[in-house]
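J.: Kindly produce the complete structure, drawing on both the sequences and the hints.
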Amino acid sequence: MENKKVKLHYYPGCTLKEKTTNLDDSTRKSMEILGYELIEPENWTCCGAEFPLNEEKIIGLAAPARILRQVKIEGEDKVFTVCSFCFNVLKRTNEALLTDPLKYKRVNAYLKDDIKINHETKDKTTEFPEYEGDVKVYHLLEFIRDEIGYDKIRSMLKRDLSNIKIVPYYGCRLLRPKGNMSIDEPDDPTIFEEFLENIGCTVLDFPFKQECCGSYLSVSMPEAATEASYNILRSAKLNGADAVALSCPLCYYNLDRRQNRIKEQFLEFMGMPVLFFTQLLAWALGVEEKILGLDQHFCSPYSVLGIDDKSEVKI
Amino acid sequence: MSNNGKKKRIGLFVCHCGVNIASVVDVERVAKEMENYPDITFSTNYVYMCSDPGQQLILDTIKEQKLDAFIVAACSPTLHEKTFQDVAKLAGLNPYQVEIANIREQGSWVHTDKEKATQKAIKVVKSMVEKVRANESLDPIKIDVNRRAMVIGAGISGIQAAIDIADHGYEVLLVEKDPSIGGHMIQLSETFPTLDCSQCIMTPKMVEASRHPKIKIMTYHEVESISGFVGNFNVRIKKKPRYVDEDLCTMCGDCEEVCPQVVQDEFNMGLSYRKAIYLPFPQAIPGTYTLDIDSCLGMWPVRCGRCKEVCEPNAIDYDQKEEIIEEQVGAIVVSTGYDLYTMKALGEYGGEKYDDVVNGLEFERILSASGPTGGEVLRPSDGKVPKHVVFIQCCGSRDPENHNPYCSRICCMYTAKHAMLYKHRVPDGNATVFYIDVRTGGKRFEEFYQRAVEEDDVLYIRGKVSKIFQEGDKIIIWGSDTLTGKKIEVEADMVVLAMAMVKSENIEDLLKKLKINTDESGWLAEAHPKLRPVESLNAGFYLAGCAHGPKDIPDTVAQASAAAAKIGDLFAQEKLLHEPTIVPVNEELCSGCGICVPVCPYGARTLDMEEKVVKVNEVLCEGCGACAAACPSGAAQQRNQTDDQIFSMVKAILKG
Amino acid sequence: MRIKLKRGKKENDFIERVNELSGENVYSCYQCGRCSAGCPFAFEMDILPNQMIRLVQLGQQEELIGTKALFLCASCFTCQSRCPKGINIANVAEAVRSLIDPKGEDHCGPNEIPVDLADELPQQVLVSVYRKFSK
Amino acid sequence: MFEPKIMCFLCKWCTYAGADLAGTSRMKYDPNAINMRVMCSSRIDPQHILYAFKQGADGVFIGGCHPGDCHYVEGNYKTLRRIILFKPMLEKFGINPKRLKLEWISAAEGKKFVNSMNEFTERIRSLGPLMIKDIALNEEE
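Protein chains in written order, with our numbering: chain E, -15 to 299; chain U, 8 to 663; chain R, 3 to 137; chain X, 18 to 158.
The hints are simulated quantities; they were obtained by calculation from the structure and are not laboratory data.
A portion of the hints provided could be inaccurate.
[To be verified] Restricting the straight-line Cα-Cα distance to at most 25 Å, the calculated cross-link-like pairs of lysine-lysine (DSS-like) are:
#	chain 1	residue 1	chain 2	residue 2
1	X	Lys29	U	Lys96
2	U	Lys662	X	Lys22
3	U	Lys658	X	Lys115
[To be verified] Reference excerpt, derived from the structure (chain R facing chain E, CB under 8 Å, subset only):
#	residue
4	Tyr32
5	Ser100
6	Ile115
Predicted, not measured: the structure shown is a model, and the values here were computed from it.
Glycine included, every Cβ here is placed at the ideal spot set by N, Cα and C.
T.: Okay, here's the thing in structure tokens:
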């Protein structure tokens, strides 16, 4: 069978299920075209979003370890995410379990008490294998580079994106902490650029690609986060970009959804379209426009993709 | 081994050391009890064995008692072993027939129980009797010295070392891989803290070296291999083809004019261009053009051949081939210098992305009167005069986490110099320096730094820069001022990075040939960090200049002269003497397994494939005994510390 | 304002606890200031990241109480990726936060979320901000 | 009280000099151990250690330079490897490997030498005498 799909575990994370369905939908559609059938681990929960930095708050490792254990129970040894936060938490959890015997022991002690109830049959499962930190966690950018390969992507392109002058925005979680967590050199990354070039975009250099957007400070210190986001978008503009590509739903929130706040704080700001890398991938692979969820964006990305803008102009 | 089967007559002299030994160890009892020990023909005790009467007592006793060997039970052998060996020599005994039983530092001084300390002393003495009984009489191994030296690397350190050795009256080969001698120093503009022009002080040195009758300059040469040992090295040197006859070339420059190939000029750090056939710089020594074959279009006349056509003296010779030259030398100076850490490694500073972010050597060329801008400060991107230059110290230094752990030592001073020279050239410009600490521990260094701050208005900001990027035609620097606790953002026209000094690129191959160790950062390791700072542990090799670690010009020159003086010491000896307590091979027992060969850290042992036995180079063997412990057949035995000696000593200690 | 430097048990215990909770060694900081230079939120901070480390090195737990800087860390790890000594400064800030306020008051709890934003905020931002700044 | 016999092999450059320093500093330790000076700890062959046990040593102590400080470049690493490999063999001979100790002591570490001697003597004391008659080596040479 030519069209036999390869099964692949996919952990979407909470935000993709509700607030950024455009990221989720474009990922699913693209992966389907690339020949994968995506499987979500059964009963997945939130990963915790922030990896606990306190050496003694080990409970924060339980949820991500449980998710990864479920992947293992389902017979798989790898899982991919598109959300940078989820990627970071899952990958760091693995690292902690592999390198710190005390954390390994304590996390598995928590997980030992799990009870799973099948609501139909009322059967209880109380025996689970220990989780050793050995399910490989990929970010989709890595998965494309290392497993799918740019050659395959290039051979399947349906649309020409060369008119799109774009800058990649890595943010924090893909690159840092440096070392094993980073998908590339923290201060000299190229993976995102390579991806964008291989789907046909015109990629520009951009010194703010690894600066922080303000992350969760948009709740606790909104002005600070707004300024950080503004600086990023301003630099993208100065370097000649038509749009910013990213992978993180929180960066997307700060850089796109909050452009109204940026506009209030910085009057000269003229708006900058922001796109998920999967939206660009899907578009390049010929996916129809409605799957991309472009209407969810605050700053209209239609013209960037060469589509007539059907929405109201917000900026 | 007994003396020709004859039993040795061994004497024992127990020292009181005043009360130092006698108050704890019953010295009389030691002497008394040992009287009956096998081969002890004489045993006595005396208050100070090392005193004149004590030594006389030994001397007289050797003669009267016809002793073959003797033991002094006294202080540690590190103190008076030599004293008593000299006594033996006076009496006509071989110094290896003397052993010291340490009953003070490792006896009376560390124990309080008199009975136990005395018993221990007796056992120690017995073990020494066992040892001396089997000691061979040995003479130092004598080696001839070839009184010629080779200096590898002809920067300021190599040139200085060569001149000094030659002034001692010895011949020197000065080997340099580049087309000219001069190294990095000839690239510098002015030198701290005197601001004298580097070329003005360097060029006369280069000329002196080239004119010295005892110095043979070998530029465009590389060391291919080395064999032998101190005093007697055989060196194979590769002569790279220059395709220009040094003697015929008149430096007219006609070839350069017609050469169609343009490449970046290394001497100007890539800030200007040269042709494929080129003179590295006007004062180059030897004064000859060199054809850089990697950039040349190809030397068949059909393809280009223009340089050959125009060369009046017919100096260009396309048929030159690589040659191997063999030379014999007795000592080698390694002065291979340094390189700058690559800016590529600092992604957060743009990693070579921005034209106007330059390293220290590039800025030297920009400042230099002979440089690409003729000494005017113009920035590389657009040739404008930069009005605000930011200098950043510790780029890649003092960073054990990401780059190099050490301090590069000279950056504080050359940054102050750069800022000062920039201000002298552009008086209405601003110079700002980001630093962590300013280290000015040299003669007149602190005064120089203060002058930069006070008289030339250089602003020093204490904080390490985190990021540099370009915005329009400005370079933006994100730093911090840790003194006020503020984050600092600067818009500058140009940035100079004080890049760390690192070991020379691709030096590993050469060091492997020389068998010289390095530290973890790749700098050459000295034999002792304090007492032998210019020698390598590998005998016959001497270190000079930055190959050994970052240093400034005066330190480099001092070390080069010190290395030359050490070589003078070596060459002044008629024969070299080598400790004879080495590990030879008993060829009868050797099975040729070769296990000992890789165990030897000095390469003293080789497996003779024809005879199927291991041969030992006595001169290279330092006598550690590691091979003796590894030898499965007992063929490798350390002289005067054979397995049999160790066994009998152990037995005397435990059963005695 | 002066700091009366004591190097007693209390101060040493504080430093020890910071090291334990963060898994770092604050003594290894040589105060180059690079963390502060690169921190994207240093412009809003009352004390810079290197000064926070300095106060820990001096054992000044009280001085750190009420500093705004501790709650401006977005754990972006820019400091960690460039620190010449490899110190994970976000971990140190986290440790200090948990030690200066052991009773556990919310710095940013559910009540602080602006009503108009509650709808549009992505889940991960809420989870992470609570995890960071509330007990 | 059981007084163990301890055989020490000390490298000339570091540990022997450290033992001398303990003396010049007038530090005190038990006289159970007797030292033999060797050029390098790597001169010590497992045979020598076995022989010492056979001759009645209750413990064997080897002192060398700190890693990286060896006068002969890397002799101490060779010693370390040999001792690591040799310890399991000792066990096969019926000798508790704790009776063999390798320690890095520099010429400046007189105090460390004294502490090592006292600790090792105490360790051997608590292990008790080596029952030579029970072990495989028990036949006359």
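J.: Please go over all the hints and tell whether each is borne out by the structure.
T.: Hints versus structure:
{"no.": "1", "hint": "Lys29/X / Lys96/U", "result": "holds, 24 Å"}
{"no.": "2", "hint": "Lys662/U / Lys22/X", "result": "holds, 10 Å"}
{"no.": "3", "hint": "Lys658/U / Lys115/X", "result": "holds, 22 Å"}
{"no.": "4", "hint": "Tyr32", "result": "violated, 19 Å"}
{"no.": "5", "hint": "Ser100", "result": "holds, 6 Å"}
{"no.": "6", "hint": "Ile115", "result": "holds, 6 Å"}
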